[in-house]
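Heads up: the sequence shown at position 35 corresponds to 37 in my numbering, and the numbers run straight through without jumps.
No lab work stands behind these hints: they were computed from the structure. Note that this is a predicted model, so its numbers are computed, not measured. Be a bit skeptical, because a hint or two may be false.
[Unchecked claim] Keeping only pairs whose Cα atoms sit at most 16 Å apart, straight-line, the calculated EDC-like set for lysine to aspartate or glutamate is: (1) K99 - E42; (2) K98 - E120; (3) K25 - E120; (4) K95 - E45; (5) K78 - D60; (6) K96 - E42; (7) K96 - E45; (8) K122 - E62; (9) K98 - E62; (10) K25 - D111; (11) K122 - E7; (12) K123 - E45; (13) K122 - D14; (14) K63 - D17; (15) K25 - E7; (16) K123 - E72; (17) K48 - D86; (18) K78 - E62; (19) K48 - E22; (20) K78 - E120; (21) K98 - D111; (22) K63 - D14; (23) K122 - E45; (24) K48 - D93; (25) K123 - D17; (26) K122 - E8; (27) K95 - E42; (28) K122 - E32; (29) K123 - E62.
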Amino acid sequence: MEWYEEYNIGVDLIDHQHRELFKRVSRLQEALSSGAVNSEIAEMLKFLVAYTNQHFQDEEKVMASIAFAELANHRKMHENLTTDVRNILIDLKKGKKIHPYELIDFLSDWLLNHIRYEDKKIGRALDERQRQRRTWDGSFA
Numbered sequence: 003m004e005w006y007e008e009y010n011i012g013v014d015l016i017d018h019q020h021r022e023l024f025k026r027v028s029r030l031q032e033a034l035s036s037g038a039v040n041s042e043i044a045e046m047l048k049f050l051v052a053y054t055n056q057h058f059q060d061e062e063k064v065m066a067s068i069a070f071a072e073l074a075n076h077r078k079m080h081e082n083l084t085t086d087v088r089n090i091l092i093d094l095k096k097g098k099k100i101h102p103y104e105l106i107d108f109l110s111d112w113l114l115n116h117i118r119y120e121d122k123k124i125g126r127a128l129d130e131r132q133r134q135r136r137t138w139d140g141s142f143a
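Given the sequences, and given the hints that come with them, work out the whole structure.
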């Protein structure tokens, strides 16, 4: 996965975390391509789950701070991904064979699409809020 500046949403912490997630998914892809065993994949996924959980908490705090209208729906998307990845971890522990390209396609597609179509809404909401603050002239007329 390659990071492009256009993926930034305008919140430094969140953008930094997104870049780190891209790096970690790329490392997972490299490990899967080189034939890593289930235990190695599981460790990488455990890290991704922990890091992603912190990222989701930080992102949801930002959304709450601006009364983001889609917070509940956005949180549900986060919960669904977390559940899906935890289920993959359970399968790995059971010795189930993971199809590397399916796993990477799932994670990279989810991450990229979530940032481009969902997280970008947060950036636009922040921009709008800042624009409103700059243009308000102090009257309600």
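Taking the earlier hints as the rules, which of them does this structure contradict? Numbers 2, 3, 9, 12, 21, 23 and 28 - these are the hints that the structure violates, sorted from lowest upward.
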